[in-house]
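> Residues per chain, in single letters:
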Amino acid sequence: MAAENPVERLLSLKGEVSSLPFPADEKELDALRVKYLGKKGAVSVVSQEMRHVPAAQKPEAGRLLQEIRTAVEGLVERAETEIKRNRVLREIENEFFDATLPGTAPEFGSAHPISAVMDEIVDIFSGMGFQVEEGPETESDLYNFEKLNFPPEHPARDMQDTFRLTGVDKILRTHTSPVQIRAMEKYGAPLAVIAPGKVYRCDADVTHSPMFHQIEGFVIDKDITMGDLKGTLQAFVRRFYGQDAKIRFRPSFFPFVEPGAEVDVSCVLCGAKGCRVCKNSGWLEILGAGMVHPNVLSAAGVDPNAWGGFAFGLGIERLAMLKYGVDDIRLFFENDMRFLRQF
Amino acid sequence: MRLSLLWLNEWIDHGLAPDKLAEKLTSLGLETKITEDRRGAFNNVVVGKVLSVGPHPNADAIRLTTVNAGAEPLTIVCGAPNVAAGQTVAVALVGASLPNGMKMEKRKIRGVESSGMICSEAELGISAESSGIMVLDDAFDAGAALSSLLELEDVMFEVDLTPNRGDCLGVVGVAREVAAITGAKPKVPPLLFRVPSPAPASGISGLGVEVKDAEACPRYTALEISGVRVAPSPFKIRRRLLACGIRPINNVVDATNYAMLETGNPLHAFDRRFIKGSIVVRGARAGEEFTTLDGKTFRLEAGMPLIADSEKGLALAGVMGGLNSGVLPDTTDIILEAAYFDPVITRRTSKKLGLGTESSYRFERGVDPEGVKLASMIAARMMTENAGGKQGGFVDAYPKKIQPPPIKLRSGKAGKILGVELNPGRELDYLTLLGFKCDYGADGVITATAPSHRHDIKGEIDLIEEIARLHGFENIPETLPRLPQHDSSREGRYAKRREVNRLLVASGFFEAVNYSFINPDWRRNLGLVAGEPVQMENRINAELSELRTSLVPGLLKTLSFNLRQGEEKLSLFETGSVFRMAGGDSAEEFMTAGMMTCGDEEIFSSKLGRDFHRLKGVVANVVRAAARVEPEFPFLPGDAKKKFLYGHRQVGISVRGTQIGYMGQVHPLSADYFDVHLGVVCFELSLDALLASVGKAPKARPIPRFPGIKRDVALVVSEHSEAGGIIETMLGADARIRQCRLFDLYNGPQVGAGLKSLAFRLFFMDAERTMTDKDGDDIIASILKLAKEKHGAVLRG
Ligand SMILES: [Zn+2]
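Top line first, the protein sequences correspond to chains G and R. When the count follows the numbering used here, it moves up by one through the first sequence with no breaks and lands on 343 for the last residue. When the count follows the numbering used here, it moves up by one through the second sequence with no breaks and lands on 1140 for the last residue.
So that you can see chain R by itself, here it is in the shape it has in the complex:
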């Protein structure tokens, strides 16, 4: 909210410099910043009288004027089309500096010296109006300082109000806060003394007012003003509205907006000609059409509160008036509405219609039900003063009294929560300064009733917060609590995720963080079928419309992006949640780790799949380290195979027989879609499943007493034999074979066409005795025999 210092000063003598004022308000929870300081910005800007206007000798479009600015007549060159002799204008004299940074010097314009400038509103920083010079009231004296006449030397603040402080959405509200912190009493602004109070509930002749929906409209007042002449508002009003971000319209509408900015209570002016019969506050009929004064037509839902006459809707209660009954240039008689509309109901209407206004913004946050009359009086006075209106009858329908409840503050409670020493006297002082009515009971309990504008005060804790605000948060001493203890069984997944992350980083992978939402086309093109995706109802970007069911699409996208940036070899991983529908109207989410790597191999160029096996090694390392268990990599049955991976280059990742993930090489046609033309391998595994499979801490076993022996053996087999089966056969040949490690794979000309050689290093050990060479020979013999039977393997010569 924008706040004018001069306007605020009309309501309270706070004696604070602007920066101090901002600091005080901020310390109260009204975050305030100075946005514009125009003090001293209008030195040497004075009132001038245009004496004559003549042609410029060297130019057609600009003219020479003589202006009386209090002393010798000045020659001023002026380009404005509307300049005329006899006008009272604003003159920036030589030496003046204007808010837009312009410094006035004596200078020649097309050969003629100009002793200043006649200003437009834009040049004075008042509005955007720059098509002509600003014409002032003829009552101003030549030479008078403009700033004091037009209150130009204002300071503007931006007050960032939290949603609970609707009571501060007006100058009066801020003045109350300033009063509380400074102890100064709010002034009743002088103009109010001259407001003729309407006769209480005198009624308006010929116009009934009936509130049918008291829930939506607890209070409704209507004031009759007749004989107005619609015209622009005086300069001061227009300036204040503009400074607060509201466009001036005319002296009637401006009065309602001005009173709103001042009190925080929105108002609406109807042209009485268009009200047929009585004013009725009622719920709309289902499908009832209503056109707002900006020309938009809405079909209303049943019950949306409407201000209507006997025939039609006149205004959407608390939101916007109708096109059918607003103030027109020829309007003379006004019905001025000031009301209290229910915050929740107003918000519901505003949300449903997608129509938010200055008015609905304030009603949603709660206006002062007891401030309704003041707002009405201020607007009415402006209409009488500035538009020549006459105040008539007044109706005050208040079917549902808004009564703040008394709240108890237990003795010592505030100090206990804040951690400060507070005596009841201090507590009473603070609350009283904020306008609470307080009783101090014999039991030490304070019973406090909030002022009518504080809708946010509902319970004891709210009183404590008020006390804390005035006591000052900076006066609460810092202490350290003794934290409750917990056992480590409460911790798990986050730590495991970090461990997996660290292992992957140590394996050379860079962590990526992708959005959880993806483009469905990415998923469809990968043929991801595991789980129905969760769709988003609203989105930041039309394409990213569903939650990811897998980390793969995002990682492929990232891979593709980086390849386009010129990267050649990439290893990326991500850990994060994936989501899917879970039957009915529920959704599930899982924490997974996924990884992508690409680079070494061109697609189809190698049958070896080095990347695949390197990744397989990394996965095994990670599972082994993070779960203390040896993973298996089983082939997946046909229906469990991933369509976006090579048919034969994919396996599951299992732990103790339970599948926790998969890995494989991305199908070239799938990679194509992402504009990736290199071999890509990936894995994905469930961190939840990994966590569930973590083995117990190992129990130490004795170190073997007898040394083992090492043997190497190279077998020649058909090139389509799988190493996994051969290793299994070898390990099964004798219980003393403790390790079998493949260390070479060769399929060149030396072993013959269609064949390959696999070389293994074997380790034998007997727990009971030292093994002999003969033992080693025997084991090798049984290995060779079995390998020949099962795999047709022969010893490489």
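Pulled out of the complex, with its shape left as it was, chain G reads as follows:
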């Protein structure tokens, strides 16, 4: 072997490796690796022969050997990448995967529909700048009635069947309106408050529950008008029911507001054309409202000559029944999972 001219041998090997075919798969690649780079491979063999190369030819032989090595190693590396890439693509292309298996993260529960509606309404008014206040559910007659301009022995008290408590000078509040007094006493004027919460009346049928939820809203400031009340409620129904929702004010009576009004919204179910739910009137009664009565301001320590305001109250269950098409209020408090899971 040593007899051959090493440089020629290198030149011939260089020629050979420069025209090597690109290995198609791992088997061909392995063969290539063994043939050239293995212990007895061609490149190893010529490397070992380098020591027999005459000194004069050494630089050129060294350069040739390096070129051969680079060429073979480069080919092997490119082939490795390419073969791996092809293999991954093929595997991904051909795999079976069941994407229809159900997800395994813990399922969410859900908020009660009453909470959901209440939070939605609170958010609308919060966005307008109302602050959220809560009051106690066990209230005194003073706050639930007297300071709200319900004189003792007034028939207006019959509008709200009251739960009385034994051994305490308290009742279960019949409305969220006492929060008006409590908030004014706490913060004074001016004030803009939204007060959600539970209320209680001794009454039970398909549309009445002994416990239900209300939201009270009120604004106390200088120069507040009934027009402001109308504008605020119109803005609310537009946000809650959509751009086309309209409101209608009818005179009514609540002792703590005057002038007092019942407020109807154009029926959202039939587009005000008339349907079973709106009893063909095109209107749904959704809340009571009015201008805060001067007696209420005085009772809360706010000077009625300097300040005025409006107030409104709405029943959450009624809005939730309309929104979700629930026709029996008792469903809200039975907590049947088959009901709760729907929300």
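You can take every hint at face value.
Computed beta-carbon distance windows for the label pairs:
id, chain 1, residue 1, chain 2, residue 2, range
1, G, Gly127, R, Ala1110, 42 to 50 Å
2, R, Met1108, G, Glu28, 47 to 55 Å
3, G, Asp161, R, Gly755, 35 to 43 Å
4, R, Arg867, G, Ser298, 43 to 51 Å
5, R, Gly909, G, Asp169, 45 to 53 Å
6, G, Phe108, R, Ser832, 31 to 39 Å
These are computed hints drawn from the structure, not numbers from a lab. As the structure is a computational prediction, the values presented were derived from the model and not from experiment. Just so it is clear, CB atoms sit at the ideal spot from N, CA and C, and this is done for glycine as well.
For chain G, the structure is supplied; the task is to place chain R with the ligand on it using the hints.
Just chain R with the ligand now, kept in the frame of chain G:
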């Protein structure tokens, strides 16, 4: 209140179609709906004269009649037992349709053709009377349309009156409102022209009237009517009473009810025979017994106003007359009472006795003190016309004049509150239309005095409301106020509750809303002792008689309900108030969050308590997220332990050393009571306490400059060793141990009987330098040494 259109039309020419009328009244605050429209419902219903009555060839119970209904005699089959020749009757001819929907056609009844039907009152929709045909006045001509004779083609309204509008509890009151909105003048009904006015305060011979309690009875009038013959009222009166929901009695009592429905002022008729001596309006003596005309006996409280004679009570003032002095079939002489009784006092009596009547309902809301005489005159005229009575003397005791005060309306005030432009002329017009007497002062102030029937007008704002009603709420333009600003320190609990709710929902729990009242047995069976419950005096349901002191009973009940519906795995929570007595006569309430979960484990089947630990993890997450603080779960001392939880499966929930709640697994015997036979775990924590413990917003710390190292170590310990103590020991072994997380628990055969293996992943970090493997080995060595000393732990091989 029911309102008849024909009756109203007698008082005012409004020219409005019924639906328009309802709309106008509603826009004034008298919510009005049409309940029945009988216009055109009596076409082809005419007066007939029964010519003959004979047997039906094919049936015993029904008969053949010939009836003159204005033209050819008709053959009509009739089943009524009271039909007789010579009667004047109502005949529905072929082609008629009746209010009950019946359409008359020629048809055969048991083989004989019938050309119509002789009607009962029920068939005509007048009353429920269906046992026989209706017999009419013989003065009616055959063939005449019945509807015009009997005013059958009426429209009925339901007027939903608010409690402040007692003045509209009569036809006259509604007519006044219609006049105000239409500008039409109320008519004085023709019949009034023929009322002989009683001589003013002429007195009644042999009968004194004395008002001893002028507070309760500011005005009392008595009118003498003699020689009445008690009999049924004429048809028209009966129809109007029935249409308004009042049962006709006789021509005397009906007259009082009719006048009440018309004017809003209740009246009462006494049989004069039973009045001994004078009429005295006085307070009852304590314990005085009184029997009302419906036969119920009451023991009165001292001072309850009573109409009495010299010997006994005759009537509960403004509420109901007595059994001892009412009108009987043989009554001839009447004393007719018309009065003004104080609203508050009447209501107090009515409430205390639990006796509400048409009369007390009206007096409570305030009748017209100046309308008393009109009411009396109307009833008296009916008794003279329909019962043959003769009007006698009259007494008018008016010891306490009811005088509406003049009220000032400041210039521009109404416009400022309503947000509209209003000139004083408009304001004056509106008030005058409503019957106010007005003066317009040089300073622009209007001084207005309300008419005597408007007890609800007390101040300036009431005048403004009247102006707004007539101006029309729809004419107030919408504007948006600039709201006053507030800072976020005013908000708290509601937002925190929502946050907790959201965290629980995201953890897989469904929100329940239970009643705040529970059955005391639920609490007792759970052995809940924290706080004395607040009892309810009245309730919707005999069993739900106290306010909850905990959310647990309600949630267990809900759990049980759903398990019965076939649910298997359930996770529920609720946030809401709980209540307890707070010493003396006060009560406290707290906002709490509670949760229940059940499902994975059968009771006793597992010693691991997976549900317990899963819930513990959720609670830790919620507290961490909502309060920005790591909760602790301390063991509770014996006396603080909950009886309804497993003795060893319960812990407190604490934040910075303060207990804010507890959690644990429900005792199987407690769950049994609720018919729950699965493992149930629960927690309850105070949202108020949670809110108070919310940490400040975190301050960012620099990210460590040197990497840490991770090591796993598994220790074999006695199966009764508690992991909490071992973790504490490990963390205390070296300051560089930053985390110690249990990732496996094994107590199978590989570790030997009575032993278990706990595997931990540890994280070490040094703030000053990169740690070496040697550092890690050293720390592990000191951990193992301490764990062996304190817990007898050995490294698992
Ligand atoms: Zn509709």
